[in-house]
Amino acid sequence: MGIIQTSQVKSPWILHFCNSSCNGCDIEVLACLTPLYDVERFGIVNMGNPKHADVMVVTGPVNYRTARVLKNLYNQIPDPKMVIAVGACASTGGVFHNCYNILGGVDKVIPVDVYVPGCAARPEAIIDGVVLALQKLSKAVGVAK
Amino acid sequence: MNQVWIAIIAVVVAPFIGGLLAGIDRKLTARLQGRYGPPILQPFYDFFKLLGKSKIATNRTQFIWLIAYLVFMITCLVFLVLQQDLLLLVFLLGFAGISFVLAGFSTKSPYSHFGANRELMQILSYEPILLLFALAVYAQNGSFMISSIMENSTPLLISLWPVFIALVIALTIKMRKSPFDIATSHHGHQELVKGIMTEISGPYYALVTLTEWYELVLVLGLIALFWSNPLWVGILIALGAFILELLIDNVNARLTGGLMVRICWAAALILCVLNILYIYFMRGVA
Numbered sequence: 001m002g003i004i005q006t007s008q009v010k011s012p013w014i015l016h017f018c019n020s021s022c023n024g025c026d027i028e029v030l031a032c033l034t035p036l037y038d039v040e041r042f043g044i045v046n047m048g049n050p051k052h053a054d055v056m057v058v059t060g061p062v063n064y065r066t067a068r069v070l071k072n073l074y075n076q077i078p079d080p081k082m083v084i085a086v087g088a089c090a091s092t093g094g095v096f097h098n099c100y101n102i103l104g105g106v107d108k109v110i111p112v113d114v115y116v117p118g119c120a121a122r123p124e125a126i127i128d129g130v131v132l133a134l135q136k137l138s139k140a141v142g143v144a145k
Numbered sequence: 001m002n003q004v005w006i007a008i009i010a011v012v013v014a015p016f017i018g019g020l021l022a023g024i025d026r027k028l029t030a031r032l033q034g035r036y037g038p039p040i041l042q043p044f045y046d047f048f049k050l051l052g053k054s055k056i057a058t059n060r061t062q063f064i065w066l067i068a069y070l071v072f073m074i075t076c077l078v079f080l081v082l083q084q085d086l087l088l089l090v091f092l093l094g095f096a097g098i099s100f101v102l103a104g105f106s107t108k109s110p111y112s113h114f115g116a117n118r119e120l121m122q123i124l125s126y127e128p129i130l131l132l133f134a135l136a137v138y139a140q141n142g143s144f145m146i147s148s149i150m151e152n153s154t155p156l157l158i159s160l161w162p163v164f165i166a167l168v169i170a171l172t173i174k175m176r177k178s179p180f181d182i183a184t185s186h187h188g189h190q191e192l193v194k195g196i197m198t199e200i201s202g203p204y205y206a207l208v209t210l211t212e213w214y215e216l217v218l219v220l221g222l223i224a225l226f227w228s229n230p231l232w233v234g235i236l237i238a239l240g241a242f243i244l245e246l247l248i249d250n251v252n253a254r255l256t257g258g259l260m261v262r263i264c265w266a267a268a269l270i271l272c273v274l275n276i277l278y279i280y281f282m283r284g285v286a
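Chains A and B, in that order, are what the protein sequence lines are.
Note that the working numbering numbers the first sequence so that position 19 is 19, with each residue one more than the last.
Note that the working numbering numbers the second sequence so that position 219 is 219, with each residue one more than the last.
Don't read these hints as lab results, they were simulated from the structure.
For glycine and all other residues, C-beta sits at the position ideal for the given N, C-alpha and C.
Hints are not guaranteed to be accurate.
[Unchecked claim] If you anchor each label on the Cβ, the simulated ranges turn out as follows:
| # | chain 1 | residue 1 | chain 2 | residue 2 | range |
| --- | --- | --- | --- | --- | --- |
| 1 | A | Y64 | B | I8 | 57 to 63 angstroms |
| 2 | A | N23 | B | V11 | 45 to 51 angstroms |
| 3 | B | V11 | A | I3 | 48 to 54 angstroms |
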C-alpha cells in the first residue's frame, strides 16, 4: 500500500445526513464526537460539506422527499467514498417500513457498505461500523492498486 | 549559488514544519478540550488522502487562482529567507490573499461567495497591521530590507513591542483561529458550510492546505524577526505566540466580521501609529 492508500484509511471525514429519523441515532452519532468517545483520535472529523467528505453516515428511513437530497449528496462526494447506514430505520426502514411515504432503507437509493443495527445505535456500535468501513476501504484500495 | 540553496531548502522544509505545527495545534486543542486528540502526523494523513481523491471541477478558473495563491506564498517565504525587502513581501502577501478570494468568487456557490466576502474583510483587517509593521521597521532601522533587521544587534521587540501585540492579533486572523475565524468556519460548520473552501475539494483542497502551512511558517518567521540576534530567541518567541494563539482559540467564541475589523483597526491605528510616532519623536529629541 502506498502513502495515499494508508492515509485514506487514517483520515476518514464524515458527512452526517439525517433522512427522516426520530433524531435518536443523530444524537448518538454526535455523541461519538464528544470527549468521552472522541473519534478524532482516529482522524475522523465531522464535515458539513459533502465535497470534503469520505464517509457518509446516514440515519433514518428514506422518504420520497429525502431520496432526491440523499442521491444528490452522494453524488457530490468525491471518490473513494463509503456509506454507513446507522440504525434500524436506515438499514431496513425499521418501524416505519410500511408507511405510505417511506421508500425503506438507505440501500433503496444509494449503495450501502456497512449496516449498523440498533434503535438507537450505540456510539460504540457506530465507531465499530466506521472501523469496519475503513477495513473494507483498505481492502478495496489494496486490491485496486 | 549559496542563496539558491537556502531558498530551495526553505521551500522544501517549510511544509514539514507547517504540517507538524498544524498537528501540534490539533493535539493541543484536543487536550484543552479534554479529548485524547489525533496523532501529531494527522495533517499529513489528511493531506495525502486529499491528494488521492477524485477531482471535481465546478470552474477551472478557480484552479489557476489556487495555484497563484501557492506560488505567491512560496515567493513570500523565499523573500523572507533571502532577507529581501519587507515592504514588497507585505504587498506580495496581500496579492496572495486576493488570489484566494478570487478563487472563492470564481464559482457560483453562494456559500463560497459569502466566504470570499468575509475573507476580503479579513484581509482588510490584517493588511494595515502588516503594512504598519513594515513602516515601523523602516522607522527603526532606516531600511525596509530584512537583512538590516538581521544585522541590527538590538532586538526590535524592545522598541516595537506595541507593533508586536498588533501582529499577534494579525496572526490570529492568519491562522484562522477562533475570535476571527469568519471566512472558512473551521468550527462553525453549519453556518456557512465551509465558507470560502466550500467548492474546493480533493487535490485542490490539499493545495490550499499546503499553502496554509507555508503561510503559517511565513507569519511565524515574521514574528521571529522581532528578536533576530540571536535568532533562536526569536524562534522561541514565535512558538510562544503560536501556543498563545491556541489558548486564545479555545477560550474565545467567534466574533462578527464588523467587530473584527473594528478591533483590528483600533489595534493597528493606536498601537502601531503611536509606536511609529514615538520612534520619530524620540529621534527628533535626540
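Status of the hints after comparison with the structure:
1. In this structure the hint that A/Y64 and B/I8 lie 57 to 63 angstroms apart at CB holds, the actual value being about 59 angstroms.
2. Taking the beta carbon of each, A/N23 and B/V11 are about 50 angstroms apart, inside 45 to 51 angstroms as hinted.
3. Look at B/V11 against A/I3: about 20 angstroms separates their beta carbons, and that is not inside 48 to 54 angstroms.
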